[in-house]
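Engineer: Going down the list, the sequences are from chains A and S. Here the working numbering is used: the first residue of the first sequence is 1, the next is one more, and so on. Here the working numbering is used: the first residue of the second sequence is 1, the next is one more, and so on.
Treat each hint with caution, since some may be false.
Repeated chains share a single entry, so a pair holds when one copy, or any two copies, can fit it.
[As the list claims (entries may be wrong)] Below, in silico cross-link-like pairs of lysine-lysine (BS3-like), each with a Cα-Cα straight-line distance of 30 Å or less:
hint, residue 1, residue 2
1, 347, 414
2, 182, 444
3, 444, 293
4, 293, 80
5, 444, 423
6, 290, 182
7, 444, 424
8, 65, 423
9, 290, 423
10, 587, 347
11, 265, 65
12, 65, 80
13, 150, 265
If you are wondering where the hints come from, they were derived from the structure by calculation, not from laboratory data. Owing to the predicted nature of the structure, the values given are computational and were not obtained by experimental measurement.
There are 2 protein chains.
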Amino acid sequence: MTESYPYTQRVAALRDEMIKANLDAYLLPTSDAFQSEYLPPESRHMEWLCGFSGENGMVVVTRDKAATFVDGRFTVQISKQAPADIFQYCHINDYPPARWICETLGADCRVGIDGYLHSAGWVDQARATLAEDGIELIDHQDNLVNRIWKDRPDGSGQPIILLETAGQSSIDKRLQIAEILKQRRCDALLITHPECSNWLLNIRGRDIPCTPVVMSYALLWQDGAVDFFVDTSKLPEGFGYHVGEGVNVYGLEQVEDVLTGLSGKTVHLDRSETPSRLLQRVVESGASLKEGKDPCLLAKARKNPVELEGFRRAHIRDGIAMCQFLAWLESEIAAGNAHDEATLADKVEALREDQALYIEPSFETISSFGPNAAMCHYNHKYNTPRAMGLDGVYLLDSGGQYLDGTTDVTRTIKVGEVTEEFKKMCTLVLKGHIGLASCRFPAKTTGLQLDMSARLPLWMEGYDYDHGTGHGVGHCLGVHEFPGRFSNRVSSEPLEAGMVITIEPGYYRADQWGVRHENQYEVVAVDCGGDREMLGLRHMTFVPFDTRLLDRSLLTESEINWLNDYHQQVYQNMTDALNDQNRFWLKQACQAI
Amino acid sequence: MTESYPYTQRVAALRDEMIKANLDAYLLPTSDAFQSEYLPPESRHMEWLCGFSGENGMVVVTRDKAATFVDGRFTVQISKQAPADIFQYCHINDYPPARWICETLGADCRVGIDGYLHSAGWVDQARATLAEDGIELIDHQDNLVNRIWKDRPDGSGQPIILLETAGQSSIDKRLQIAEILKQRRCDALLITHPECSNWLLNIRGRDIPCTPVVMSYALLWQDGAVDFFVDTSKLPEGFGYHVGEGVNVYGLEQVEDVLTGLSGKTVHLDRSETPSRLLQRVVESGASLKEGKDPCLLAKARKNPVELEGFRRAHIRDGIAMCQFLAWLESEIAAGNAHDEATLADKVEALREDQALYIEPSFETISSFGPNAAMCHYNHKYNTPRAMGLDGVYLLDSGGQYLDGTTDVTRTIKVGEVTEEFKKMCTLVLKGHIGLASCRFPAKTTGLQLDMSARLPLWMEGYDYDHGTGHGVGHCLGVHEFPGRFSNRVSSEPLEAGMVITIEPGYYRADQWGVRHENQYEVVAVDCGGDREMLGLRHMTFVPFDTRLLDRSLLTESEINWLNDYHQQVYQNMTDALNDQNRFWLKQACQAI
Numbered sequence: 001m002t003e004s005y006p007y008t009q010r011v012a013a014l015r016d017e018m019i020k021a022n023l024d025a026y027l028l029p030t031s032d033a034f035q036s037e038y039l040p041p042e043s044r045h046m047e048w049l050c051g052f053s054g055e056n057g058m059v060v061v062t063r064d065k066a067a068t069f070v071d072g073r074f075t076v077q078i079s080k081q082a083p084a085d086i087f088q089y090c091h092i093n094d095y096p097p098a099r100w101i102c103e104t105l106g107a108d109c110r111v112g113i114d115g116y117l118h119s120a121g122w123v124d125q126a127r128a129t130l131a132e133d134g135i136e137l138i139d140h141q142d143n144l145v146n147r148i149w150k151d152r153p154d155g156s157g158q159p160i161i162l163l164e165t166a167g168q169s170s171i172d173k174r175l176q177i178a179e180i181l182k183q184r185r186c187d188a189l190l191i192t193h194p195e196c197s198n199w200l201l202n203i204r205g206r207d208i209p210c211t212p213v214v215m216s217y218a219l220l221w222q223d224g225a226v227d228f229f230v231d232t233s234k235l236p237e238g239f240g241y242h243v244g245e246g247v248n249v250y251g252l253e254q255v256e257d258v259l260t261g262l263s264g265k266t267v268h269l270d271r272s273e274t275p276s277r278l279l280q281r282v283v284e285s286g287a288s289l290k291e292g293k294d295p296c297l298l299a300k301a302r303k304n305p306v307e308l309e310g311f312r313r314a315h316i317r318d319g320i321a322m323c324q325f326l327a328w329l330e331s332e333i334a335a336g337n338a339h340d341e342a343t344l345a346d347k348v349e350a351l352r353e354d355q356a357l358y359i360e361p362s363f364e365t366i367s368s369f370g371p372n373a374a375m376c377h378y379n380h381k382y383n384t385p386r387a388m389g390l391d392g393v394y395l396l397d398s399g400g401q402y403l404d405g406t407t408d409v410t411r412t413i414k415v416g417e418v419t420e421e422f423k424k425m426c427t428l429v430l431k432g433h434i435g436l437a438s439c440r441f442p443a444k445t446t447g448l449q450l451d452m453s454a455r456l457p458l459w460m461e462g463y464d465y466d467h468g469t470g471h472g473v474g475h476c477l478g479v480h481e482f483p484g485r486f487s488n489r490v491s492s493e494p495l496e497a498g499m500v501i502t503i504e505p506g507y508y509r510a511d512q513w514g515v516r517h518e519n520q521y522e523v524v525a526v527d528c529g530g531d532r533e534m535l536g537l538r539h540m541t542f543v544p545f546d547t548r549l550l551d552r553s554l555l556t557e558s559e560i561n562w563l564n565d566y567h568q569q570v571y572q573n574m575t576d577a578l579n580d581q582n583r584f585w586l587k588q589a590c591q592a593i
Numbered sequence: 001m002t003e004s005y006p007y008t009q010r011v012a013a014l015r016d017e018m019i020k021a022n023l024d025a026y027l028l029p030t031s032d033a034f035q036s037e038y039l040p041p042e043s044r045h046m047e048w049l050c051g052f053s054g055e056n057g058m059v060v061v062t063r064d065k066a067a068t069f070v071d072g073r074f075t076v077q078i079s080k081q082a083p084a085d086i087f088q089y090c091h092i093n094d095y096p097p098a099r100w101i102c103e104t105l106g107a108d109c110r111v112g113i114d115g116y117l118h119s120a121g122w123v124d125q126a127r128a129t130l131a132e133d134g135i136e137l138i139d140h141q142d143n144l145v146n147r148i149w150k151d152r153p154d155g156s157g158q159p160i161i162l163l164e165t166a167g168q169s170s171i172d173k174r175l176q177i178a179e180i181l182k183q184r185r186c187d188a189l190l191i192t193h194p195e196c197s198n199w200l201l202n203i204r205g206r207d208i209p210c211t212p213v214v215m216s217y218a219l220l221w222q223d224g225a226v227d228f229f230v231d232t233s234k235l236p237e238g239f240g241y242h243v244g245e246g247v248n249v250y251g252l253e254q255v256e257d258v259l260t261g262l263s264g265k266t267v268h269l270d271r272s273e274t275p276s277r278l279l280q281r282v283v284e285s286g287a288s289l290k291e292g293k294d295p296c297l298l299a300k301a302r303k304n305p306v307e308l309e310g311f312r313r314a315h316i317r318d319g320i321a322m323c324q325f326l327a328w329l330e331s332e333i334a335a336g337n338a339h340d341e342a343t344l345a346d347k348v349e350a351l352r353e354d355q356a357l358y359i360e361p362s363f364e365t366i367s368s369f370g371p372n373a374a375m376c377h378y379n380h381k382y383n384t385p386r387a388m389g390l391d392g393v394y395l396l397d398s399g400g401q402y403l404d405g406t407t408d409v410t411r412t413i414k415v416g417e418v419t420e421e422f423k424k425m426c427t428l429v430l431k432g433h434i435g436l437a438s439c440r441f442p443a444k445t446t447g448l449q450l451d452m453s454a455r456l457p458l459w460m461e462g463y464d465y466d467h468g469t470g471h472g473v474g475h476c477l478g479v480h481e482f483p484g485r486f487s488n489r490v491s492s493e494p495l496e497a498g499m500v501i502t503i504e505p506g507y508y509r510a511d512q513w514g515v516r517h518e519n520q521y522e523v524v525a526v527d528c529g530g531d532r533e534m535l536g537l538r539h540m541t542f543v544p545f546d547t548r549l550l551d552r553s554l555l556t557e558s559e560i561n562w563l564n565d566y567h568q569q570v571y572q573n574m575t576d577a578l579n580d581q582n583r584f585w586l587k588q589a590c591q592a593i
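Turn these sequences into a full structure, and let the hints steer you where they fit.
Structural biologist: Okay, structure coming up:
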């Protein structure tokens with residue numbers, strides 16, 4: 001049972017603020033004002049209030065009740081983190097917050113939110129649902145938790161990084177997007193996602209974990225000028241020269257004022273991404289809206305040659321760290337030194353830190369033995385880390401942010417005895433990986449169309465996995481990037497040359513073990529000799545797969561050739577950078593099967 | 001140059017009627033009041049007015065101009081059929097009728113249509129486009145062409161067929177759909193597609209070519225009762241007993257009156273399928289609309305065991321006719337008897353006619369030699385049929401409507417010498433067919449997800465085809481049935497056990513030759529031994545593929561096994577029904593490769 005203190009006091013203090021603000025309930029999400037995937041400490045309002053530190057949830061506090069809402073990935077975690085005597089637990093899809101509020105409160109009640117923490121799209125929908133029961137949703141101007149969170153951390157205060165590896169000047173990028181604005185007859189584009197504004201200005205930052213961005217908004221005008229909203233204390237020397245002409249810097253707190261002055265303009269924005277408060281200000285200004293995806297998203301997903309070259313170099317260095325880790329792990333097993341999931345995660349991170357241009361992990365490392373590997377979203381930090389020696393396999397899913405690229409790689413590694421059944425499943429998953437990696441496909445093909453090629457070997461035997469097959473990867477930006485992906489869910493954005501995407505099929509045997517094989521690929525034009533222009537995938541990752549876990553008899557000749565060819569490339573690219581002991585390990589690991 | 005007479009006179013007569021009706025233009029589509037894929041003679045208004053007999057087009061006549069609008073499939077055909085000195089030709093997508101009208105007429109003009117011939121969805125859109133230029137779209141109550149088309153044929157007058165092979169009583173079907181209406185809180189369902197009302201009442205008809213339905217509308221009530229609108233002279237003896245209780249028959253002309261009386265009811269209908277006139281009457285009645293796909297569509301696509309067994313038997317008989325044809329063709333070639341595309345199409349139809357329960361062809365036969373086979377929508381009726389002897393291959397895409405099922409099969413047949421390049425492409429297409437036919441996949445998988453498996457062998461060599469991979473097939477109903485299909489276009493309806501779908505990948509070398517290999521499959525549950533419930537495909541078609549056109553070295557062992565196993569099944573199922581000569585041919589054709 002989670003200790004209720006200090007949460008009892010915090011909820012009581014929040015209720016006092018609710019009374020002062022004439023609110024009957026207050027709703028908080030796990031989100032910040034920038035829709036960040038990974039939250040900085042000062043934006044962990046929900047965690048501060050109820051203890052939950054996961055990535056997707058909401059908490060609602062009324063005058064006498066409270067409830068948390070998370071999806072199936074986090075049911076175990078929330079039971080350990082949020083005290084059940086204060087917070088009723090609800091499944092966010094089966095019993096969403098708006099329904100809970102309608103069933104808990106009566107008509108004429110007032111529910112407060114912080115309009116920065118929700119997209120306008122979400123607020124529209126929640127407001128409509130609550131209105132059906134006569135309940136009002138109110139964007140209360142101050143975040144009530146900020147008033148009572150006495151030791152709330154300050155922001156990072158870290159200066160902006162001027163990125164030298166972008167391959168295209170900020171002015172070029174701004175004119176390129178401005179051209180799209182002209183075509184769409186818009187005066188300005190409201191950019192609320194820091195990854196887009198950071199891409200546009202060729203800058204990065206250290207404000208949140210795992211994604212090297214500076215929190216900021218931007219308003220790009222049809223002539224390529226930008227109003228840039230950021231904590232101005234983070235501006236480094238040379239910023240103006242670096243970003244080029246036409247960048248007007250404002251404090252973050254000025255964004256609402258500037259938006260209120262957009263009267264008569266047509267503003268391009270995405271309701272499903274824009275914080276409700278900011279959309280509200282644009283609407284109040286009298287500006288016309290042109291709704292649609294931020295065109296920066298597609299432009300930044302199409303990597304330029306310099307970015308792609310950076311990616312490839314980053315993967316060489318990342319591969320060295322991974323090979324060092326795998327060689328070390330094997331020697332530790334041989335020496336009988338037992339480590340746990342936490343020390344292994346720390347070790348691989350430490351080895352990446354030794355590599356040039358490394359910034360930070362690109363996501364929270366999944367370091368999992370045996371049954372823990374059967375949970376796709378396992379995090380040893382919320383459990384007692386499992387020790388080596390009990391299981392046959394170890395699954396490591398990790399990656400790094402480098403100034404010249406971003407990596408994400410998963411290997412399933414033999415650390416004990418495994419069954420023939422395990423080998424079979426491990427081999428089927430690899431067959432799927434190879435199947436998709438080998439595909440050639442015409443322009444306009446979507447990841448939804450290709451997804452099945454990674455699942456088919458499992459399907460033929462009656463198995464599947466319940467996650468996507470791969471995601472786009474940003475260039476020294478978010479490791480999960482729209483729109484490139486391989487997924488069995490509807491996705492209408494075609495793959496294009498220059499996109500960087502992972503392939504990561506898996507299979508999970510609950511309470512026993514999990515398998516996942518992940519490499520990163522770039523989409524490239526290939527000449528197949530036919531009458532169509534075709535695309536294909538070229539791997540960026542250089543880390544051996546553990547061939548000891550495979551059943552060779554289940555592989556076709558062309559799959560064996562693919563694997564042997566891959567390992568030959570890994571050996572050639574890694575061997576010179578490793579010391580003798582590691583090189584010896586690499587030679588074994590890359591042997592043809 | 002097409003002869004202008006009699007079209008000059010017809011257009012002049014139409015203009016006289018336009019003046020009487022105070023209309024500045026009149027617009028006609030290739031469509032009837034039931035959105036039929038194949039039109040009966042009395043509904044060929046556009047053909048009567050301008051000569052065009054293709055499947056998708058529109059014609060607009062103003063006081064002094066006229067234009068036709070068709071898509072790329074029909075550009076050659078319209079140039080041969082519609083006299084260019086009267087009708088300007090426009091591409092229906094690049095220069096659609098509404099834009100042509102706006103550019104041709106001024107504000108305050110009035111454009112007439114027959115509101116039965118257009119879906120309400122189309123009218124909404126066209127009306128909005130024209131309104132932007134101040135032009136009014138008017139559903140003129142009488143079809144103006146009917147007034148001047150003196151020798152317009154009567155309807156078929158053919159009696160309704162009482163279908164004994166439906167496998168589920170009409171009352172059962174009506175209660176099943178009524179249950180859906182209850183869940184959706186609707187009082188009634190407006191069924192405007194004859195395939196749905198014919199399915200619901202277990203009846204068929206002979207009103208249009210290729211699809212054995214009686215033209216009719218129906219209004220299904222929440223208690224399972226039906227108001228059925230049909231030419232009552234077509235009712236056969238025993239109709240009431242056959243359809244069971246609760247079927248109230250009205251004349252077709254009464255439908256508008258009945259709909260006008262729906263005040264206070266909630267009516268389920270599909271705006272994109274319902275004739276504009278009928279939707280208008282429902283709206284005028286004051287009824288509430290519940291818009292969505294007709295639930296009969298999905299129910300009839302999931303075939304019951306009796307329908308599936310009927311399908312299988314129909315395919316055995318259809319296979320016999322096809323084997324007789326292929327054996328005859330080979331002997332004619334050996335004898336040096338040259339036939340043309342028309343006589344071959346007639347021959348295969350005549351052989352089908354000899355089979356029990358045969359009704360009619362299920363679509364217009366594609367009978368094409370050499371370069372004509374490179375045109376997917378080729379029809380020898382609109383060309384000089386090409387004769388045998390000039391080409392290496394003959395492509396035959398044909399099928400039959402039987403009282404117990406519907407067939408659709410394509411074979412590419414050697415009739416002369418072919419190149420190695422042809423064999424390669426022919427083999428790649430078959431590899432794709434086998435790849436998709438062999439797939440196993442979990443529930444909720446869509447045809448969009450599976451489509452690539454039929455294209456991948458072509459993709460790997462840089463080729464593709466520009467049509468869908470397969471379509472659903474109705475049970476003694478339309479050969480193109482929603483929602484089952486394999487397609488690279490967005491499709492979110494999952495495949496379900498009991499659906500019947502074709503697989504028909506192809507490859508087309510313009511001006512030289514075409515390849516297509518088509519079988520029909522049923523979606524079946526398969527036990528793969530894993531931990532998921534899986535579906536697969538079981539072939540219904542029993543016709544040999546021409547193995548002389550294949551390059552065996554391009555096939556994998558499992559593909560060769562699939563083909564040899566298929567031919568063994570064809571031989572076993574066909575051999576007893578054939579005479580000695582045909583059996584000898586079959587044995588050769590089914591030999592293992």
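Engineer: Have a look at residue 65 and residue 80 and pick one of within, between, both or neither, based on CA distance no larger than 30 Å.
Structural biologist: within (20 Å within a copy, 77 Å between copies)
Engineer: Can you give me the call for residue 265 and residue 65, within, between, both or neither, at a CA distance of at most 30 Å?
Structural biologist: neither (45 Å within a copy, 42 Å between copies)
Engineer: Regarding residue 293 and residue 80, is the shortest C-alpha distance of 30 Å or less found within a copy, between copies, in both, or in neither?
Structural biologist: neither (38 Å within a copy, 46 Å between copies)
Engineer: First find the shortest C-alpha distance between residue 587 and residue 347 inside one copy, then the shortest across copies, and answer within, between, both or neither for a cut-off of 30 Å.
Structural biologist: within (22 Å within a copy, 68 Å between copies)
Engineer: Regarding residue 65 and residue 423, is the shortest C-alpha distance of 30 Å or less found within a copy, between copies, in both, or in neither?
Structural biologist: neither (50 Å within a copy, 74 Å between copies)
Engineer: Cα distance capped at 30 Å. Does residue 290 pair with residue 182 within a copy, between copies, both, or neither?
Structural biologist: Close inside one copy (12 Å), not across copies (40 Å); limit 30 Å.
Engineer: Give the relationship of residue 444 and residue 424 under a CA distance limit of 30 Å: within one copy only, between copies only, both, or neither.
Structural biologist: Close across copies (26 Å), not inside one copy (35 Å); limit 30 Å.
Engineer: Please sort residue 444 with residue 293 into within, between, both or neither, judging by C-alpha distance up to 30 Å.
Structural biologist: Close inside one copy (18 Å) and across copies (28 Å); limit 30 Å.
Engineer: Can you give me the call for residue 150 and residue 265, within, between, both or neither, at a CA distance of at most 30 Å?
Structural biologist: Neither way: residue 150 and residue 265 sit 41 Å apart in one copy and 60 Å across, limit 30 Å.
Engineer: For the identical chains here, do residue 444 and residue 423 meet the 30 Å Cα criterion within one copy, between copies, both, or neither?
Structural biologist: between (36 Å within a copy, 28 Å between copies)
Engineer: Evaluate residue 290 and residue 423 at a C-alpha cut-off of 30 Å and name the case that applies: within, between, both or neither.
Structural biologist: Answer is neither; intra-copy 53 Å and inter-copy 53 Å both fail.
Engineer: Within a copy, between copies, both or neither: which one fits residue 347 and residue 414 at a CA-CA cutoff of 30 Å?
Structural biologist: Classified as within; 18 Å inside a copy, 66 Å across copies.
Checked against the numbered hints above, the structure breaks hints 4, 8, 9, 11 and 13 and satisfies the rest.
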